[in-house]
Structure formats: C-alpha cells, structure tokens
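Protein chains: 2
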Amino acid sequence: MHLQLDGRGPLHAQLTRALKTAVFAGRVSQGARLPATRQLARELGVSRNTVLAAYEQLRAEGFVDGRVGSGSYVTPPVQAPRPLHAVEAPLPAQSQFARRARVVHDHLRIPGRGIPGVRWAFQYGVPLTNPALTSAWARELAHAAAYTSPNYPASQGLPALREAVCDYLARRRGVQAEPQDVVIVDGTQQAVALTARVLLDPGDEVVLEEPHYNAMREALQIHGAQVRTVDVDRHGLQVDALPARGPKLICVTPSHQFPSGAVLSLSRRLQLLEYARQHGSWILEDDYDGEFRYDARPLAALRSLDDGDRVIYVGTFSKAMFPSLRLGYLVVPAGLRGDFVNAKWQDDFGSCGIQQAALARFIAEGGFERHLRRTWKTLKERRAALLEGLQRCSRGRLQVEDSQAGMHLVVWLQDCDAAQGEAFIARARSHGLGLYPISPYYLSPPDRAGLLLGYCGLSVAQINDAMTAFGACLDEFLDER
Amino acid sequence: MHLQLDGRGPLHAQLTRALKTAVFAGRVSQGARLPATRQLARELGVSRNTVLAAYEQLRAEGFVDGRVGSGSYVTPPVQAPRPLHAVEAPLPAQSQFARRARVVHDHLRIPGRGIPGVRWAFQYGVPLTNPALTSAWARELAHAAAYTSPNYPASQGLPALREAVCDYLARRRGVQAEPQDVVIVDGTQQAVALTARVLLDPGDEVVLEEPHYNAMREALQIHGAQVRTVDVDRHGLQVDALPARGPKLICVTPSHQFPSGAVLSLSRRLQLLEYARQHGSWILEDDYDGEFRYDARPLAALRSLDDGDRVIYVGTFSKAMFPSLRLGYLVVPAGLRGDFVNAKWQDDFGSCGIQQAALARFIAEGGFERHLRRTWKTLKERRAALLEGLQRCSRGRLQVEDSQAGMHLVVWLQDCDAAQGEAFIARARSHGLGLYPISPYYLSPPDRAGLLLGYCGLSVAQINDAMTAFGACLDEFLDER
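The listed protein sequences correspond, in order, to chains A and B. Take the first sequence: its letters are residues 1 to 481, numbered as in our numbering. Take the second sequence: its letters are residues 1 to 481, numbered as in our numbering.
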C-alpha cells in the first residue's frame with residue numbers, strides 16, 4: 001500500500017491523515033481490510049505503536065471497524081469528499097452588514113498606517129515609547145495574573161476598574177459618574193460599535209463633525225446610519241447649523257476637536273445639550289485625548305454639563321497608555337445602561353479580566369497619573385519643537401491651526417490645492433518625511449492642501465531635524481511652481 | 001459668597017465645581033465680577049493659588065472673561081442647565097437590536113452563574129484552578145509586555161499567534177489551515193457575533209442543535225436570525241431531519257455535542273457537508289472542548305473533512321486556558337476572509353497585543369500543551385470519580401448520557417418530570433449541592449428532569465463527598481414521592 005506522509009506533526013498523525021486520504025481516494029476500498037499493523041510498520045519503517053495509534057484514531061473517528069487482533073476494516077459507506085478547492089476570490093457579500101462594510105471600509109485611510117522607508121514619520125496614533133511604562137505595566141500584569149479570578153469577568157467590567165475610572169473622571173474630567181454608569185470596553189471603536197447597535201437602525205440619521213475621525217464614521221455607516229456632517233470652526237461644531245429635524249445621534253469631540261483642534265465653546269456646549277434635549281437626539285462625546293492640554297488644566301467634559309442624561313461619554317486608554325492595550329470605557333445614561341451591558345455581553349461576554357485588574361490597580365495606586373504627567377511633559381516639549389520648526393520654515397506659506405491639546409497639529413499649505421498637497425507629500429517622502437493628508441477625515445474634503453502631523457512618535461531632536469528637511473522640501477516644492 | 005465644597009479630589013477642582021454651580025444657580029449673575037482672589041481665599045480659608053487655579057480653569061472653559069489683576073467677569077450668556085434627573089427606569093429600546101436583546105437575553109440562564117452558599121457547585125464553565133498555569137501565565141505576560149509592540153495590533157491577529165494556532169490545529173485537531181485563514185477573536189461569543197454580522201440579515205434562517213449552547217442562540221437571535229432546532233441523538237445532529245430548504249447557517253458541535261455529549265458520526269459528518277454544499281448553507285463548527293477526550297485521541301474536526309469550504313471553525317482558549325482570558329479564533333473560508341477581518345476591525349480594531357503575544361509564545365514553546373496534558377489528566381480523574389459516584393447512588397434511578405469528552409456530564413432522573421427536576425435541585429441545595437438544570441439549553445425543553453453537572457471546579461475528594469450528599473438527597477427525594 002502506498003502512503004505519502006506529509007511530514008507535519010507527529011508520525012501517528014501523519015499516518016492517520018495518509019490513511020484517510022487513501023480511503024477517500026478509493027485506494028483502499030470500503031469493507032477492505034487494512035494491512036496488519038506489524039506489516040505496515042515494517043513497510044513504512046515506523047514503530048508498530050505508531051501504526052496502532054493511527055488505527056485507533058481511525059476507529060475513534062469511524063473510518064474503520066473491528067478490534068486490534070482481528071483486523072481493521074474500512075467502514076462502509078465512506079463517501080469521498082470532493083477535492084478541496086479553496087476559493088480565494090471573495091464571495092458575494094452574505095449580509096447587508098458585510099455589503100456595507102465592503103463599500104465603506106477603506107483601510108488605506110485609517111490613521112496609524114506606517115509609511116515604509118521614511119526617516120521621520122509624522123504618524124498619528126502611534127504611542128509615545130516609554131520604557132518606564134513598559135516595565136511598570138509588565139509588573140502590573142504579572143501581579144494581576146496572580147490574583148485575578150480566572151472566571152468569566154463581569155460583562156460591565158471589573159468593579160475595581162469602574163471605580164478607578166469614576167475617580168479619575170471626577171478629578172480630571174469634571175464628570176460625576178458612579179461605577180454603575182460605566183461600561184468597560186475594548187477601546188473607542190468598540191464603544192462606537194456598541195452605541196450603533198444600541199441606538200441605531202439602518203437608515204437612522206447621525207451627525208458627525210466635518211472633519212471627523214474616519215474610523216468612527218465607518219463604524220456608524222456599516223451599521224446602516226445615514227451620516228451627514230456639520231462644519232467645525234474655531235469654536236468647534238457649528239451648533240446653529242444642526243438640522244431642523246433632530247438626528248438620532250450627534251458625535252462630537254468637544255475637548256479637542258478631531259482633527260481640527262478646536263475647543264467647543266461653553267455657549268455652544270449648552271446650546272448643543274439644549275438641542276439634544278428638545279429634539280430627542282443622543283450625543284456621543286468622544287473624549288479621546290482630553291487629558292493632554294498644554295495651556296491650562298484639561299477642560300471639563302461635555303458630560304459634566306449634561307442635565308438631560310443625553311450624553312454617552314467615551315474615554316480610551318489607547319492614547320493615555322498605548323493602543324495595543326485595547327481598553328476604554330463608556331459612561332452611559334441610566335435608562336440605556338441595561339442595553340449597553342447586554343450588547344457588550346452579546347459581543348464578547350466582557351473584556352479580559354487580568355488586563356482590567358492590572359489597569360485598575362495602576363490607576364488606583366497613582367502610577368497612571370504619574371505616567372500621564374511624564375507623557376504630558378514630553379508631549380509639550382515635542383509640540384513646542386514642532387510649532388517652532390513650522391514657524392521657522394513657514395515664512396507665511398503655512399497656516400497652523402490653533403490647538404492647545406493632543407498629540408497632533410493640523411497645518412495648511414497656503415494657496416495650494418489638494419492635488420498640490422498630494423504632490424508635496426510625495427516630494428516630502430524623497431526628503432525622508434512621512435506626511436499624512438487631512439483629506440481622509442472629511443466626508444467632502446476641501447480643495448486645500450492640509451496635513452495632519454502627529455508628533456508622538458518623534459523625539460525633539462528628530463522633530464528638529466525633520467523640520468529642517470520640511471523647510472528644504474517646502475522651498476524646493478514652492479520654487480518649482 | 002456662599003460656596004459649598006464637595007470634598008472630592010483636589011481643592012482647586014472642588015472650588016471650580018462650586019463656582020460653576022453658583023453661576024448656574026444664578027447666585028452669581030452674568031456679567032458680575034467674581035470676588036478678588038485674595039478675598040475669596042481668605043473667606044474660604046484656602047491658599048490664593050487654589051483660587052487662582054480655579055479662576056484659570058473657569059476662564060479656559062469659557063465661564064469667565066478677563067485677566068488676572070483686572071478682575072474676572074462671568075461670561076454672558078451662560079444658560080443654566082436644568083437639574084440632572086438621572087432616569088433610572090429603562091427607556092424604550094432605541095433600536096431593533098436593543099429590542100431583540102431585551103426579549104432574548106436571559107442572564108439567569110447563562111452557564112457559569114454561581115449559586116451562593118452551596119458547598120459543592122457543579123457549575124459548568126468554571127476553570128480548573130491551576131497554580132502552575134497562573135505562574136506560567138504571569139511570566140508570559142510580563143515577558144510579552146516587554147517586547148510586544150504598543151501599536152495597534154493587526155485586526156486579524158498577531159501573525160505569531162495565528163501560526164501557533166495553525167500548528168496546534170494540524171497536530172491536535174486534524175485541521176490544515178494557513179495563518180491567513182485564521183482570525184483571532186475575543187472568545188467564542190465574539191466569533192459567533194462576527195459570524196452573525198458577516199452572514200446574516202434579520203429574518204435569515206439558522207439551524208441549531210437541540211439541545212444547544214444558549215448563549216450562541218441568543219447571539220444569533222439578537223442579530224435577527226430565525227432559529228429552528230434539529231434534534232440530537234447519540235450520533236449527534238440528525239442530519240436527515242434538516243429542512244428541505246437549506247438554512248443560511250447550521251451551528252454544530254461535532255466533536256462533543258453541547259450539552260448532550262454525543263459525537264457526530266463520520267457518515268453524518270459527510271452527509272452534513274454534502275447538504276451544506278447542495279443547499280448553499282454555511283456551517284459553524286464550535287469545537288469548544290475538542291481537546292479533552294478521554295477514550296482516544298481527540299477526533300479530527302469537521303473542518304478537516306470540508307471539501308467545499310463551507311465550514312467556519314471556532315476554537316476557544318476559555319476551556320483550555322481560562323475564561324477571563326477572552327481569546328479564541330476562527331478559521332474562515334477564503335472567500336469570506338476579508339469580511340471577517342473587516343468585521344473584527346469594525347468591532348474593536350483587533351484583540352489585545354500583549355495577550356496575543358504571550359499566548360503565541362506559550363503555545364510555540366510547548367507550555368500550552370504541557371498544561372493541556374496536566375488538565376486532561378486531572379479532568380479524567382474527576383470525571384471518573386463523578387461517574388463512579390453517580391453509579392454508586394443510581395440504583396437504576398439515574399441515566400447518565402454517554403460522553404467521552406469534555407468537562408461536564410448530563411444526567412437524567414428516571415421517571416421524573418421537569419417540575420420534579422426543579423424540586424430536586426431545590427432540595428439538593430439544602431444538602432449543600434449546587435446543581436444546574438439542562439432545560440436552558442433547549443428551545444423546547446423536554447418534560448424530563450435533566451441535570452448538567454460540570455466537574456471542573458471540584459477536586460476528586462470534593463466530588464466523592466458531593467456524591468454521598470447527592471445519594472442521600474436522591475433517596476430522601478424519591479422516598480417522599
């Protein structure tokens with residue numbers, strides 16, 4: 001009997017597979033007796049135990065009948081499966097969700113994509129590399145692994161983490177919340193997905209700021225939301241321009257508009273809350289980097305002014321800690337709490353217990369805020385270096401958006417259209433610069449050359465060097481026009 | 001000016017909140033000048049720096065105008081928000097998803113709920129407590145934290161973990177998969193939710209085994225699936241009884257039917273694959289505890305026979321490791337790969353990087369399979385003790401379902417109806433026994449008294465003691481009839 005062993009894994013498993021293939025290929029017919037174990041072992045040059053193990057396995061899986069000693073017979077009827085044709089081409093979309101996802105998702109335009117081969121990447125979303133955090137976090141994880149229950153965690157999140165979040169929110173974000181109002185999630189993206197499932201049916205209207213975070217738009221559109229945008233000016237969302245008929249949901253970034261950097265003014269905040277109350281709209285407040293404000297203490301969150309319990313507040317540890325952590329939280333209105341906890345349960349039963357426990361302790365024992373202060377200091381220096389560098393090479397040719405917070409700056413090239421912006425980015429690459437256009441963050445991008453410069457991944461020295469290259473590139477590019 | 005500090009957090013934050021409250025309450029009118037900082041500091045008995053910090057914060061948030069020195073004036077118009085009425089009662093469901101979730105979800109019937117105050121809980125889903133695993137995992141996490149990229153992980157999962165999974169599947173589950181076929185998820189529940197979103201529109205038909213895992217049913221129903229069930233006998237799903245018109249999806253547990261314990265026979269496996277091919281149905285293979293088989297090596301998975309690429313294979317580390325880990329994986333047909341990766345991206349961008357890296361190394365370096373062997377040995381002993389105990393006290397009054405795998409056994413009380421079963425469970429509680437009915441795992445429960453006994457959380461000695469109590473309870477209960 002000819003058997004071809006494939007060399008993957010232990011011998012008995014290889015032999016089992018080879019025998020199955022022989023049966024399916026008809027090389028051993030149904031009802032036929034398999035070779036005696038000793039004989040096959042000799043033929044193949046393997047131990048008899050290997051053959052015995054393979055026969056035993058075939059017997060357990062129903063391929064052969066009989067007992068060791070009296071011979072093993074191939075069980076009838078074993079219908080040969082057709083040969084496997086792995087279909088590599090995508091099939092037609094199988095659901096409306098999948099159909100929308102194929103249309104909407106644009107993985108090339110997602111923040112955080114690296115540009116290979118550049119020396120200085122002004123990539124947004126990369127974390128600040130911090131060896132002190134790495135070792136602190138390793139310690140916290142090891143500690144949490146030792147004492148955290150291995151059982152299913154509470155879907156709403158570990159009570160200790162929800163308490164730590166509430167305490168943090170009260171002190172740093174002006175938000176008064178109780179642990180029962182908090183749902184721990186796997187980052188902002190899951191918070192948005194849960195919000196979409198709890199609040200939206202296909203066809204429901206959602207207002208986004210223009211510009212906005214494109215991954216949030218995608219998550220809403222994939223749930224069938226009809227997205228419309230309302231422009232942002234230097235005081236944030238133009239609340240006056242909200243539609244006469246209230247949308248189901250309004251998504252805002254009041255502390256630090258993404259990506260423009262504007263802060264939603266107090267009067268607009270109150271106006272927005274009043275609009276939501278009158279029109280029965282929900283507000284999703286994405287407080288993605290409210291911690292990092294450089295001119296004053298962080299502004300209190302919109303949620304802290306919410307009287308009608310219309311605001312769903314989203315916080316993330318992707319910026320304050322690092323993105324691969326995948327932890328964040330929602331503060332939800334009491335009347336929707338059950339729906340959010342249920343939706344989280346349906347999605348994944350709850351977030352990883354050990355990570356939650358480690359983070360709870362890191363916050364409660366002060367390590368988290370010490371880390372925030374260090375990060376804040378470092379980011380402030382990098383931001384100053386970038387601003388200074390931009391001023392140095394601007395000579396009236398750049399317009400830097402005023403922004404007192406975060407981890408990025410928006411810069412416009414004066415008198416350049418979007419196509420010239422793309423050309424500038426391409427040129428910059430040859431100077432070793434990885435630059436990112438602002439256009440993905442618009443539903444209808446303006447015909448201007450805008451850049452989103454993330455400064456989290458570069459040191460002050462690197463930023464200084466990069467800005468020298470930036471200036472040279474700008475001179476070269478504009479001279480040629 | 002009367003200001004009430006609330007004692008939460010730093011003084012300047014308390015003062016900021018108190019001043020806002022005073023403004024909103026109209027106690028400081030719009031356009032009015034706030035007290036001089038020195039004066040207020042004296043009045044309140046706080047340092048002038050505290051008052052300065054609070055005024056600075058109010059200025060940053062737009063509550064006051066003016067500069068230090070020239071006085072701070074309350075900005076007009078500050079519209080007072082209405083007092084916060086937290087609505088504790090649930091609001092009407094806001095989406096079809098939330099509406100279905102409210103109807104379908106029954107958190108009382110979810111496996112793994114503890115019964116307080118019992119001595120021996122035969123709870124399903126609790127992990128085997130294992131100090132060796134705890135310390136090994138703490139080491140792996142600390143190591144992974146030190147070398148894993150803090151950046152967003154790949155949505156599909158870390159390549160190292162996908163490779164380790166493929167290697168494991170080839171050796172232990174007979175499944176030939178490439179890393180590109182694997183999607184790392186946060187456990188079986190997320191795998192099912194993703195499958196529902198990728199494959200199902202509301203109204204689509206799904207066939208479940210009867211009995212089945214109720215959390216899977218919920219996840220499908222909440223996505224709007226029309227669930228029908230097909231009975232299971234001792235050879236697994238009765239494939240002959242599948243509907244003439246093919247459903248969109250068929251969910252099966254071929255290696256070890258949950259909860260009955262049956263193994264799907266080879267001929268039915270081939271018949272099921274042929275049915276799926278002919279009717280264009282997808283098959284979700286939930287291989288939730290295929291690793292733990294006590295009479296022979298684990299059976300090869302259904303996916304290993306799949307010729308038409310119709311099987312979506314789900315594996316989890318909740319059983320093999322522990323549930324709070326929240327990691328599992330899908331092996332998906334090539335033609336749906338993009339949709340699954342996209343759906344995972346939309347849900348949460350990807351699973352936690354450090355955990356994935358730790359698990360990849362734990363599998364690749366052999367720690368995982370060493371742990372499996374130890375667990376297998378322990379579970380085998382516990383299972384034997386439970387079987388022996390049941391036989392001892394049965395005297396023809398119990399029917400134990402034949403099952404050669406897993407972490408639980410199904411037992412029927414002969415000649416007892418479902419109501420008597422509930423009464424027996426209540427009685428058993430007074431004997432210190434935490435027992436669980438099988439009824440939640442049926443869409444239409446039979447009128448018989450069935451128990452699902454999980455033996456993972458009890459030692460052999462505990463099981464022996466528990467079985468003595470079980471026998472006494474059984475005698476007492478049946479004598480009274």
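Keep in mind that the hints were calculated from the coordinates and are not lab data. Quick caveat: nothing in here was measured; it's all calculated off a predicted structure. Using N, Cα and C, we set each Cβ at its ideal position, and we do this for glycine too. Check the hints yourself; a few may be wrong.
[Stated by the list, open to error] Below, a sample of chain A positions facing chain B; criterion: calculated Cβ distance under 10 Å: (1) L5; (2) G9; (3) R27; (4) L141; (5) T148; (6) I354; (7) R392; (8) C416; (9) D417.
[Claimed, not checked] Distance windows between CB atoms, simulated: (10) A:D415 to B:E365: 39 to 47 Å; (11) B:R139 to A:S47: 46 to 54 Å; (12) A:R392 to B:S47: 47 to 55 Å; (13) B:A146 to A:Q30: 52 to 60 Å; (14) B:H279 to A:R27: 55 to 63 Å; (15) A:A146 to B:D106: 55 to 63 Å.
Results of checking the hints against the structure:
Taken as an interface hint, A:L5 does not check out: its beta carbon lies about 13 Å from the nearest beta carbon of chain B, beyond 10 Å. Here the hint on A:G9 is kept, as its CB sits about 4 Å from the closest CB of chain B, short of 10 Å. Below 10 Å, beta-carbon pairs count as interface contacts, and A:R27 has none with chain B, the closest being about 17 Å; its hint is therefore violated. Interface restraint check for A:L141: the shortest CB-CB distance to chain B comes to about 4 Å, inside 10 Å, so the restraint holds.
Because the beta carbon of A:T148 sits about 7 Å from the nearest beta carbon in chain B, less than 10 Å, this interface hint is met. Restraint check, A:I354 versus chain B: the minimum CB separation of about 7 Å is within 10 Å; hint holds. A cut of 10 Å between beta carbons decides the hint on A:R392: the least distance to chain B is about 28 Å, and the hint is violated. Look at A:C416: its Cβ only gets to about 31 Å from chain B, farther than 10 Å, so that hint breaks.
At a threshold of 10 Å, the smallest CB-CB gap from A:D417 to chain B is about 32 Å, leaving the interface hint violated. Evaluation of the 39 to 47 Å hint for A:D415 and B:E365 yields a failure: the beta carbon distance comes to about 59 Å. For B:R139 and A:S47, the hinted distance range of 46 to 54 Å is not satisfied, since their beta carbons lie about 36 Å from each other. Between A:R392 and B:S47 the beta carbons are some 40 Å apart, a value that contradicts the proposed interval 47 to 55 Å.
Roughly 56 Å separates the CB atoms of B:A146 and A:Q30, a value that falls within the hinted 52 to 60 Å. Our hint of 55 to 63 Å for B:H279 and A:R27 is violated, since their Cβ atoms are close to 30 Å apart. The supplied range of 55 to 63 Å is broken by A:A146 and B:D106, whose beta-carbon atoms lie about 34 Å from each other.
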